[in-house]
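Participant: The lines below spell out each chain.
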Amino acid sequence: MSGATEGVLVERLSAWYGRVQALKEVDMDVPPNRVTAVIGPSGCGKSTLIRCFNRMHETISAARVCGKVILNGVDIYSPEVDPVQIRRSVGMVFQRPNPFPTMSIFDNVAAGIKLTRFHRGSELAESVERSLRRAALWDEVKDKLKDSGVALSGGQQQRLCIARALAVDPGVLLMDEPCSALDPIASYKIEELITELRGDYTIVIVTHNMQQASRVADHTAFMLAGEDGIGKLVEFGETKQVFTNPRDKRTEDYITGRFG
Amino acid sequence: MTIVREGMKIISATKKRSRLRGENLPDVTFRLVALAFAGLIVLLVLAMAIAMAKSSWPAIQQFGLGFLVGRTWDPVFKNFGALPFIYGTIVSSLLALLLAVPVSLGSAIFLAELAPAWVRGPISLMIELLAAIPSVVFGIWGIFVLNPWLRTSVEPMLGNNFGFFPLFQGPMYGLGMLSAGLILAIMIVPTITAISREVLMAVPNSQREAMLALGATRWEMISKAVVSYARPGIVGAVVLGLGRAVGETMAVTMVIGNRHEISASLFAPGHTMASVIANEFSEATYNLYLAALVETGLVLLFVTILLNALARLLVWRIAGGPKGAQRE
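These protein sequence lines are chains A and B, in that order.
Note that my numbering gives residue 140 to position 140 of the first sequence, counting from 1, and the numbers run on in steps of one.
The number in my numbering is simply the position in the second sequence, starting from 1, with 260 added.
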C-alpha cells in the first residue's frame, strides 16, 4: 500500500456551475493519513468541494474552478497536469453504490487496474484479492467472484466500490456521503472500514450525519451557505474541538441542532 | 380451438385471482378488455399465416422442401425454387448491417457523448428526417445517382484492387447486390442511430462518474462503462434495423437488378424475397405461380421471425452479463 505522504492543501478555492457560484474561497489543510469529515446542511457545497479534489467537478458541463488544490506539492489545476493522472491517485466513492452491472465482482475491482495497462494476470488476481480484503469484502465474495456486482446487497456493493477505488492504490480517498443509501448496519460496517483504512490513506468523507463525523473523523470541516447561497468554510479543526468547543457561533448552532 | 380453451383458463384464473385480491368490477372488466386486445393480435398473426399457407398450398404440395433449396425459378416450365431469393435477402441484409452498424454506432456515440448541445439537436433531427423519406424516393435516387456512381467509380475500384475475391468479380452493372446493400444500409442507419442514441443517453451518469473517477480517459469511459451498459439496447436497435432491411421492398426492387440466380459476386444482379413478390405478383397468370409467390412470402415471414428470435437469444446470452446481473 502506498500510503499518502502528504495531505491536500486547499487555497482560495472557488467553484461555479455555469453562472452560479457554489463555493467561495475555501482555505483548508487536510492532514495526511487521517480521516477528515466535511459536514454541513444540504446545498452548502460539501460535495462540490471534494469533487474539486480529483477534478471531477469539471466533468459537469459549464462547471469551472478557481484557486489551488495542492497534492504532493503540485497544484492539480496547473495547466500541465492531466486530470486522468490525478484521478488515479485520488480515489472516489459515491453516494449511491455504482458497481458496473455488466462486470463480475472480480472485473469491477480490476476495472481501474486494467486502465493502467501495466498488469499481468497473476498480479491482477493478487491486487483484486488484496483490495477486497482491505474493503472487508473478501470473505463474503471469495466464492462468487464471477457473479455480477449488482447481485450483492447495497452495503456490499458500496464496499465493492471502495475496493474498486483502492485497487489503483490512491493516496487519497474521497467519500461523498457513502452511507446515505445504506441501512444502519451496513453504514456501521463502512464506518468500521474507514477506521481500518485510517493511517494508510488520506480520507475525506462528506456526511450530513454528525454522529458519523464525530465517530470516524480526526478533523472536521463545517460548511455553510451564506445569505447569497454560496458555500463557505466556516470552521475547520480537530473533531473533538469542533464538536465540544466550536470557535464559531454558527457551528455551535448547527451541531446543537438549532438549524439545518 | 386450443386458443379459446386457453383463454377460458386465463379468464377463470383471473376470476380466482381477482377474488383473492378483492378487485372490483371495473378492474376485472379492464383486465378482460386488455386480454381481448392482446389475444386479437395473436389471432391476427395466426390468421395471416393460415391464409398464406392455404393459398400457397399447391406450391407446398408440389415442391415440398425442395422449394427452399431449389435454385431454378422458371414460370414457363412451372418449376419454382426460392433459394436465390432467400440468398439475396440474407446477403443484402447482412451487407447492409455491415455497412450501417459502424456508421450508426459512431454517430450515436458522437450525438450522445461527445457533441455539444447545439450540434446535437440539428443532427438528430436530420437523422430522423432520413427515416421519414419514402423508400420509393430512395429507389429513384439509387437508380439515377447511386448506380451510375457505383458503375463508374466504386465497382471498378473494388474490382481492380480486390478482384482476387470472388465477391468483386464479373461485369459491373451498377445495379445489383452491392447497390441493394448500400441503399438498405442508408435506410437502416437512422433507425439504428436514433435508438442507440436514446439507449446511450439513458445510461445513468453514476456509471460515467464511476469510470472517470478510476482514472479513465473519455474514450475508456465510453467504451468500458457506457457502451457495455447500453449493449442490450444497442443489440435491440441493430435487430430492428435488420428487420427493416429484411422486409424492405420498394427501394431494393428498384436497384437490385432482378435476376433469378445466385452469384458469388456482389456486382451481379439478384433478387430478394420481398423484391420478387413485388415484381412478379402481377404477372402470376396461373395458380401454381401465385402459390409459389405466396409461399415465398410465407418463408419471408418465417425468416423474419427466426431472425428476431435469434437476436433475442443473442441479447439474453451475450448482453445478460455475469450471473445474477440485473438492471437497477
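If you're looking for bench data, these hints aren't it; they were derived computationally from the structure.
C-beta: ideal position from N, C-alpha, C; glycine also.
Check each hint, because a few of them may be wrong.
[Unchecked claim] Some chain B residues well away from chain A (every beta-carbon gap over 10 Å; in silico):
#	residue
1	289
2	462
3	471
4	472
5	474
6	476
7	489
8	546
9	548
[What the hints assert, rightly or not] Some chain A residues judged to face chain B by a derived CB distance under 10 Å, without partners named:
#	residue
10	81
11	164
12	215
[Claimed, not checked] Covered stretches of chain A, as calculated for chain B (at least 3 residues, CB under 8 Å):
#	region
13	185-191
14	241-252
Participant: For each hint, tell me whether it holds in the structure or not.
Facilitator: Okay, the hints, checked on the actual structure:
Non-interface status of residue 289 (chain B) relative to chain A is upheld: no Cβ of that chain comes within 10 Å, the nearest being about 39 Å off. Its beta-carbon lying about 13 Å from the closest one in chain A, residue 462 (chain B) satisfies the requirement of being farther than 10 Å from that chain. With a cut of 10 Å on Cβ distances, residue 471 (chain B) falls inside the contact zone with chain A, its closest approach being about 7 Å. With a minimum CB-CB distance of about 6 Å to chain A, residue 472 (chain B) fails to clear the 10 Å threshold, and the non-interface call is violated.
With a minimum CB-CB distance of about 4 Å to chain A, residue 474 (chain B) fails to clear the 10 Å threshold, and the non-interface call is violated. A beta-carbon of chain A is positioned within 10 Å of the beta-carbon of residue 476 (chain B); the least distance is around 5 Å. Separation of residue 489 (chain B) from chain A is inadequate, the least Cβ-Cβ distance of about 6 Å not exceeding the 10 Å criterion. Interface exclusion of residue 546 (chain B) from chain A stands, the closest Cβ pair being 56 Å apart, more than 10 Å.
At roughly 53 Å, the least C-beta separation between residue 548 (chain B) and chain A is larger than 10 Å, which holds for a residue marked as non-interface. Look at residue 81 (chain A): its Cβ only gets to about 13 Å from chain B, farther than 10 Å, so that hint breaks. Because the closest C-beta pair between residue 164 (chain A) and chain B is about 7 Å apart, less than 10 Å, the hint holds. Hint on residue 215 (chain A) is violated. Least Cβ distance to chain B is approximately 25 Å, over the 10 Å limit.
Residues of the region 185-191 of chain A lying with their CB closer than 8 Å to a CB of chain B number 0, which falls below the three-residue condition for coverage. Three residues within the 8 Å Cβ limit are the bar, and the region 241-252 of chain A against chain B gives 0, so the coverage statement is violated.
The structure fails hints 3, 4, 5, 6, 7, 10, 12, 13 and 14 (numbered hints given earlier, in ascending order).
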